[in-house]
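Student: Residues per chain, in single letters:
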Amino acid sequence: MSGTARAAADPRVDAAFREWLLRAADDELIIGHRHSEWTGFGPDIESDVALSSIAQEEIGHARAFYAQLAAGGGDADRLAFARAPAEYRHATLMERENDGWEWSIVRLVLYERYEAERLRLLSASGQEPAAGLARTLLREERYHALFADAWLTRLARGREEGHRKVQAALEAAWPEALGLFEETDADATLVAARIVDAPAAQRRRWDAAVRQVLEPCGLVIPSASPKEGGRRGRHTPEFDRLHDQMTEVWRSDPEARW
Amino acid sequence: MNGTALEAAVWGVLGSVEDPELPIGIIDLGLVREVRVVDGRVSVRLVPTWTGCPALDVIRTRVREALLALPDVREATVEYTYEEPWTLDRMSARGREQLAVYGLAVPRRRFSEPPVCPYCGSHDVAVDSLFGPTLCRATYLCRSCRNPFERFKPPADPEPSTPPSR
Chain A
-6 MSGTARAAAD
4 PRVDAAFREW
14 LLRAADDELI
24 IGHRHSEWTG
34 FGPDIESDVA
44 LSSIAQEEIG
54 HARAFYAQLA
64 AGGGDADRLA
74 FARAPAEYRH
84 ATLMERENDG
94 WEWSIVRLVL
104 YERYEAERLR
114 LLSASGQEPA
124 AGLARTLLRE
134 ERYHALFADA
144 WLTRLARGRE
154 EGHRKVQAAL
164 EAAWPEALGL
174 FEETDADATL
184 VAARIVDAPA
194 AQRRRWDAAV
204 RQVLEPCGLV
214 IPSASPKEGG
224 RRGRHTPEFD
234 RLHDQMTEVW
244 RSDPEARW
Chain B
4 MNGTALEAAV
14 WGVLGSVEDP
24 ELPIGIIDLG
34 LVREVRVVDG
44 RVSVRLVPTW
54 TGCPALDVIR
64 TRVREALLAL
74 PDVREATVEY
84 TYEEPWTLDR
94 MSARGREQLA
104 VYGLAVPRRR
114 FSEPPVCPYC
124 GSHDVAVDSL
134 FGPTLCRATY
144 LCRSCRNPFE
154 RFKPPADPEP
164 STPPSR
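Residue numbers (my numbering), protein chains in the order written: chain A, -6 to 251; chain B, 4 to 169.
Hint data in this document are derived by calculation from the structure and do not stem from the laboratory. Any given hint could turn out to be false.
Estimated spans, in silico, between C-beta atoms of each pair [stated by the list, open to error]:
#1 A:A161 to B:S125: 39 to 45 Å
#2 A:P215 to B:R97: 52 to 58 Å
#3 B:P117 to A:A161: 36 to 42 Å
#4 B:P74 to A:G66: 31 to 37 Å
#5 B:G18 to A:D70: 28 to 34 Å
#6 A:Q205 to B:C123: 36 to 42 Å
#7 B:C123 to A:R227: 55 to 61 Å
#8 B:W14 to A:G65: 29 to 35 Å
Covered by chain A, according to a simulated footprint, are these stretches of chain B (three or more residues, beta-carbon under 8 Å) [to be verified]:
#9 77 to 87
#10 129 to 137
Some chain A residues well away from chain B (every beta-carbon gap over 12 Å; in silico) [unchecked claim]:
#11 E51
#12 A77
#13 T146
#14 R150
#15 E154
#16 K158
#17 G172
#18 A185
#19 I214
#20 K220
#21 R225
#22 G226
Small disclaimer: the values here were computed from a predicted structure and weren't measured. Note that CB positions come from ideal geometry on N, CA and C, so glycine has one too.
Just chain A, with the same shape it has in the complex (with noise of 0.2 Å):
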């Protein structure tokens, strides 16, 4: 069975389709492998376990996605580590380097919020068994948002250095964040075709939902323009650093079974 297939009937809109898959697999990878690097770093023991867990959850979701892209006759593992760094569409909030935890805790906010958006709206694509599997996840991601949400506000609400600190970091992320939202004509397709909203109306639920959530902390939303190029393959040297140590197993032996 053909991972999209309901969308197959025209060609266009099943490639604009996987696109749109492969955005949500590859967001998965980059930043489960982030989180991952906080494994033995995180401020206490139950953060470390937490985001170490999150890491694992979000790289097993890439799984799924990549594993439905690959239905019928691709190869998941080759989609997540056989391809050039260009090759890779997601967003470039996702491969920055961790720079401290207060940035850490923004971009899970700021990602979880865009997260259950996207999910919501495979849900309702109507594109088995995508949609499926996005109402599996939808059920798991809550609980990454919780965590992000106590600690952003921990952070923000208590002394006045976590509160700059985290200030700070929500500049520093916001123009990627909206970077999340780039449009390529995959997105056009899919609006035409109706399985997707037009990435304007995602933008505007996602900042209603973020703002509940840093604005009663006293964090005041940045102004400033989207900063793109992720969703066409045009990423930051962070990438190539990270690509370079992520697919290093993989590339050591491409044909050896795990």
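Starting from the known structure of chain A, arrange chain B on it as the hints suggest.
Tutor: Same frame as chain A, but now just chain B:
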């Protein structure tokens, strides 16, 4: 062995496969969604509790090997399906009992229910971390008997979707 007998044997084998992270069989945990047996070819579809669970591959291998060990099974395929999410309703009463004996608190329907200490039955408990030793467990502290304990953590119920604000 005729088809019905083989199907019964297949279910028997499935009943013997345990989750590697919890003392519970995969049928009692509610992982088995569908079993098909046609001419010695068996296909099993499982519903994962957590999509990122590292035990999924172990379970798949255990199920497949156990099925292939049956003399009349010629082929066995085991796959995970996401048609419907796993919920606590899928866990059997016996499964709950086994987890309780192991010392794990298990919510009745959903995680958001008030937790109960599995040692003294008190509701006066505090969550220590939503992320415990495995993806499906959270850690708590009982303020009554002072014991730390773990509670089974099912995936959460979906949040009611908020209409777009304009």
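Student: All the hints need checking, so say for each whether the structure fits it.
Tutor: Against the structure, the hints come out as follows:
Separated by about 43 Å at the C-beta atoms, A161 (chain A) and S125 (chain B) satisfy the suggested range of 39 to 45 Å. Our hint of 52 to 58 Å for P215 (chain A) and R97 (chain B) holds, since their Cβ atoms are close to 54 Å apart. The given range of 36 to 42 Å is respected by P117 (chain B) and A161 (chain A), whose C-beta atoms sit roughly 39 Å from each other. For P74 (chain B) and G66 (chain A), the hinted distance range of 31 to 37 Å is satisfied, since their beta carbons lie about 33 Å from each other.
Remark: the range hint 28 to 34 Å for G18 (chain B) to D70 (chain A) is upheld by a beta-carbon distance near 32 Å. A hinted range of 36 to 42 Å holds for the C-beta pair Q205 (chain A) and C123 (chain B), which are about 38 Å apart. The given range of 55 to 61 Å is respected by C123 (chain B) and R227 (chain A), whose C-beta atoms sit roughly 58 Å from each other. Under the hint 29 to 35 Å, the C-beta atoms of W14 (chain B) and G65 (chain A), about 30 Å apart, fit the expected range.
Chain A is given as covering the segment 77 to 87 of chain B, and this holds because 4 residues of the stretch bring a CB closer than 8 Å to a CB of that chain, at least three being needed. With 6 residues having a Cβ less than 8 Å from any Cβ of chain A, the segment 129 to 137 of chain B passes the three-residue criterion, so the hint holds. Look at E51 (chain A): its CB is around 7 Å from the nearest CB on chain B, not clear of 12 Å, so calling it non-interface is violated. Against the 12 Å criterion, A77 (chain A) stays outside the reach of chain B, whose nearest CB is about 26 Å from its own CB.
With a least beta-carbon separation of about 15 Å from chain B, T146 (chain A) lies farther than 12 Å from that chain, consistent with its non-interface assignment. The claim that R150 (chain A) is not at the interface with chain B holds, since no C-beta of that chain comes within 12 Å of its own (minimum 19 Å). The claim that E154 (chain A) lies off the interface holds: its Cβ sits roughly 25 Å from the closest Cβ of chain B, which is beyond the 12 Å cut-off. Look at K158 (chain A): its CB is around 23 Å from the nearest CB on chain B, clear of 12 Å, so calling it non-interface holds up.
Separation of G172 (chain A) from chain B is adequate, the least Cβ-Cβ distance of about 21 Å exceeding the 12 Å criterion. With a cut of 12 Å on Cβ distances, A185 (chain A) stays outside the contact zone with chain B, its closest approach being about 20 Å. With a least CB separation of 14 Å from chain B, I214 (chain A) remains clear of the 12 Å interface cut-off, as annotated. The beta carbon of K220 (chain A) is kept farther than 12 Å from every beta carbon of chain B, the shortest such distance being approximately 24 Å.
The Cβ of R225 (chain A) sits about 27 Å from the closest Cβ of chain B, beyond the 12 Å cut-off, so the non-interface label holds. With 12 Å as the threshold on Cβ separation, the claim that G226 (chain A) sits away from chain B holds: the shortest Cβ distance comes to roughly 26 Å.
Of the hints listed earlier, the one the structure fails to meet is number 11.
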